[in-house]
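Colleague: Position chain B relative to chain A; hints supplied.
The primary structure of each chain is shown beneath.
Protein chains: 2
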Amino acid sequence: MSLRSRMLLQRVLFALKAHNVRYRQTSGAGSVLWETPVRPLCCSNRRHAPAPASTGPSSLSFRSHTCGELRSDHVGQKVTLCGWVQYLRQDLFVILRDFSGLTQVLIPQEESANNLKAALCGLAVESVVKVTGTVRKRPAGQENKLMPTGEIEILAQNLEVFNICRKLPFEMKEFVKKSEALRMQYRYLALRSSQMQKNLRLRSQLVMKMREYLCNVHGFVDVETPTLFKRTPGGAKEFVVPSREPGLFYSLPQSPQQFKQLLMVAGVDRYFQIARCYRDEGSKPDRQPEFTQVDIEMSFVDQAGIMALVEGMLQFSWPAEKGPLQVPFQVMTYNEAMRDYGVDKPDTRFNMKLIDLSEVFSSTKIEFLRSALSQSEGSIQAICVPSGAKHFTGKDLDVLKQTAKAQFGQELSLVLVRDDGTLKSPLKKLLSVPETENLLSRAEAKPGDLLLIAAGSLRVVLPLLGNLRLQCAQLLESHGLSLRDPSAFHFLWVVDFPLFLPKEDNPEELDSAHHPFTAPRTEDTDLLLSEPHKVRGQHYDLVLNGCEIGGGSIRIHKASLQLHVLKNILKEDPSLLSHLLEALDSGAPPHGGIALGLDRLVSVVVGASSIRDVIAFPKSFRGHDLMSHAPDTVSEEELKPYHISIKWPTEQRGGGGGGGSAGK
Amino acid sequence: MSLRSRMLLQRVLFALKAHNVRYRQTSGAGSVLWETPVRPLCCSNRRHAPAPASTGPSSLSFRSHTCGELRSDHVGQKVTLCGWVQYLRQDLFVILRDFSGLTQVLIPQEESANNLKAALCGLAVESVVKVTGTVRKRPAGQENKLMPTGEIEILAQNLEVFNICRKLPFEMKEFVKKSEALRMQYRYLALRSSQMQKNLRLRSQLVMKMREYLCNVHGFVDVETPTLFKRTPGGAKEFVVPSREPGLFYSLPQSPQQFKQLLMVAGVDRYFQIARCYRDEGSKPDRQPEFTQVDIEMSFVDQAGIMALVEGMLQFSWPAEKGPLQVPFQVMTYNEAMRDYGVDKPDTRFNMKLIDLSEVFSSTKIEFLRSALSQSEGSIQAICVPSGAKHFTGKDLDVLKQTAKAQFGQELSLVLVRDDGTLKSPLKKLLSVPETENLLSRAEAKPGDLLLIAAGSLRVVLPLLGNLRLQCAQLLESHGLSLRDPSAFHFLWVVDFPLFLPKEDNPEELDSAHHPFTAPRTEDTDLLLSEPHKVRGQHYDLVLNGCEIGGGSIRIHKASLQLHVLKNILKEDPSLLSHLLEALDSGAPPHGGIALGLDRLVSVVVGASSIRDVIAFPKSFRGHDLMSHAPDTVSEEELKPYHISIKWPTEQRGGGGGGGSAGK
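As they're listed, the protein sequences go chains A and B.
For the first sequence, the positions run 49 to 712 when this note's numbering is used.
For the second sequence, the positions run 49 to 712 when this note's numbering is used.
No wet-lab data here; the hints were simulated from the structure.
From a predicted model like this one, the values you see are computed outputs, not experimental measurements.
Hints should not be assumed to be uniformly reliable.
Because identical chains share one entry, a pair is satisfied inside a single copy or across any pair of copies.
Stated by the list, open to error - Calculated pairs, DSS-like style, for lysine-lysine (alpha carbon to alpha carbon, straight line, at most 25 Å):
#	residue 1	residue 2
1	K615	K215
2	K257	K246
3	K246	K185
4	K413	K215
5	K551	K619
6	K477	K453
7	K449	K477
8	K551	K257
9	K332	K688
10	K619	K413
11	K438	K413
12	K393	K449
13	K401	K126
14	K551	K185
15	K438	K453
Bound-form chain A, shown alone (with noise of 0.2 Å):
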């Protein structure tokens, strides 16, 4: 940088160039209550007209441009900038900033520009200004290649100072090393970071996209629905938000399934809502009480019909930057996903599936092989990690072991296939000839690659692998090698999920695997009388690099249909869902619908660690807003018209007395 060539070249533009350098500073000494207000207003209530720009980002604004815009294009126009001091720099550039980026402003030199200079030089950093002055070209060799706006500065003629930051809890550029605590704490701060300031207007973007293509393109109806609803009887993720009748509570409902459903039942067609919904997960940590979902649902339309809406949707909104999108997406089975990745939700953007070992030991010797082979649903898999032989640690093959043991109570085979073709494994003095080359071939595994082989119950070694596979691929990709490409979007449609799932606590009856509204598959549905567990659902996971984005349905509208499921199925008292049975008797088209957890998909999209880093003021970790405090004491005043009071743990109901029974 060489700065004193700059400043001699400055003086000689200087003094080519006369300024005339209006300085209007306003009062922002401390001792003052406050400054002189930013603009007078028009002193009629007929207004002013507004600034110059009618469309665009500067439109109605004290600016002309944003801090982001300005190039070559623009030299020698007068403009009006407003933004933040990012920093100051030798007295001779202050860099301001704003949502769309920096623009640097050359302090004038000249004598009678002394006040402005002063002024100017005297700002404290993140100080909110206005700034007036010619756009130039930045004098040859200056230019800032990095900087979009690098090309040119602005001579600054005019400032005015709308607000000076005066306390800062810490140095902004020091920001992203504070702990997340003091960052959310001051999330305002945060918030001004570029990345934040993107990840938030493409989330914006994102969904304004969606909905021009649910509104303009398919005549869908934005509907909302209420979020004071009913609790669901058990639903213990649920809030309850107190009423003024003495026990009677609102919930916050987890998604407007029901509404969606009697919005079909009521003839609405093509229902989309970006919905807010709740979820209690008390004391889960990494949890968001609120969070969003695109919510749609639709009539007269079948499975193939709600999965190409959404393939054109996301095609329709995906942003520019990220490449364009192919449809249709993938389809697997579920049965397929969990043979080949050992998961409902595979991460597609890399191979290494599971190899099922079973016929290549069907008559081994091996002890523990037979064994696991002779049990119900017995089964023999494996991975191949490709050059896993090579750049695997022991520590690493223990924390893979450590893994089976711990999470799935499983022991894990280790074969690593060294460089000259040779074996290196416990199993490898067990193994016979045949059944190494058969091994080896069947698994392709090629010298430095690494098998992992474990032997049991397919429910538990399916998803064992598929766990490993993930742990492999993260193994990997910390020693170096790329497998997963970052910039790359997979999504992927399973389907075919069973209808039913053994209960957890009870592995006799039956809990539905997502919710109780799901159609049988249609060449299924005789299966519901003899045989329910076999029953396949009309449900779609919609998965996107290896996380779950979204889940829908072909719902039941038959209520006979409904009521079976309820009540001979599920085992649960249908009154509760009187309402609803009802509804399906009295009219009800075919329908079904989809919600995606718009959170996490825009969280996929910009490549975020976090939600946390695409919503604009999440809860910490606890469920905490650590900027407002909240939640936050509410004194039994307040609560008593609500009819409530707080039952203290340490008390363990002594004092309170007859709540429990009160509650009859």
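Modeller: Frame of chain A, contents of chain B only:
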């Protein structure tokens, strides 16, 4: 209706044209558990091609057209419609309905179609079916001009019954006559009416256009703000939401006010949100505990900018069928509105302004008028009701006097101008000749008019006459006079409100007229120290046909000024808003915004008498969801995780014991 000739014509037509009727009826008998599912899904997990249309209201659907779109252009086309059986006519026609309208389906009469005929004739009203057939021109003379599809009918060739409507609580055509409670309980049936379908669709369209205007035209960012927030101290109208941490509560905010301002501090520049807001109005009737506002905030803008933005937004999004909207809207100061209309949200669709008669009676001998004028802010005001003397009955006049007495504690003097120009009034004998002449000329009273005169403090007299003005308009209209054009939309800005008002319970102290974040008008800023009650705020209300549909302000962006208002003027504890004060001190830009009440706006646009008619699932008059029965009881067991218990009012704290003290 020449039914005979019609049937004859049909026979001829059928004889001329051979129909290849395929007939597939689903097993609709009540004895089977469920009927054959709608449409077999492709067996493979790869799906079949979507339905013909790829965009529009019938895209991806079982139907080819909606029930409202077929015209004579479509004659000869084979179409598929899906919808509800509106009614059957003489075993000849099924009238099919969907959201878009009605289509007449002709039942084939030839013998070869006996099965199809039987199925169609046996359809229960409100059953859901798919009909395939050919579009025919209706026989000459049989067209229905009142029906958009009245030129055509569909000759049915195939029927699929999706769902039989087995049970309706009442006949659909009787529905409008039923009690609102019943219509709320069966909301999904009420929503099938063409009016409700129109209302929901117009609302969706209006919001979509607003979003396009804000996002696409002016670069606004749609940001979602939390609804689980910290309770505002003293925020009696905020619902509380217990958390799982003992004694800690979230609250549901009445508006995103704090968040929108923090977003400006965060540099988001232009924010909007169609925001769900909550207000617990307890025992107030006709309340909606949740409602929706169009929430807007902008940086680097003044009052004129926000007003121009809103005008542009409404013009852009205005439904075409309501005629174009003229901008800019009329602007009126608060003082002008009170002076001329006696209210801060004048209905400017009609004149009948308040008339100041103080001068007319400045030297009157009439005792009660003299005494009124001599009191502080004493005044004599009137309205002249055109042809009120002619049309109002004695009972009408009594009602007006009673309103004055009961609601305002004020006597009202009536002067009826007879057709011959003579007066009928208790005042008649007391008025001098010049007074009478002045009165009539000042009031521009013509024969047949009615003068309502009130004398007293302006604080009472203006609101009284403002109220009577509206009541007189209603009375005139009830007598068949058209005063307000029901298709007219009069938008009006009311500006220059006082920033503070005397507290109702303690007039010595001041309260914010709107909220404590409103900036004072520039020229009034100095009065904040000396005479705060004289300060006008940079606040603006948007009024439509006499309804307040929005309000906003330029906000205080200096911490020092905000602190002064909170602490010295409003006498509030500023520590409760410390995060906001801290934010203002960290570089807050000048900013302002507005919030429009979406439910109210839409209800005025569609001419609905209640906002319940523009909300899909509103709460009842008492805040209940009559369909699902919310709010509902929750067991003490389910309240346990929230550390609260119910205090039953009959127990009067007796049995419950320590609740109150335990809370300390």
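Colleague: So which of the earlier hints does this model not fit?
Modeller: Violated hints (numbers, rising): 3, 4, 8, 10, 11, 13, 14; every other hint is consistent with the structure.
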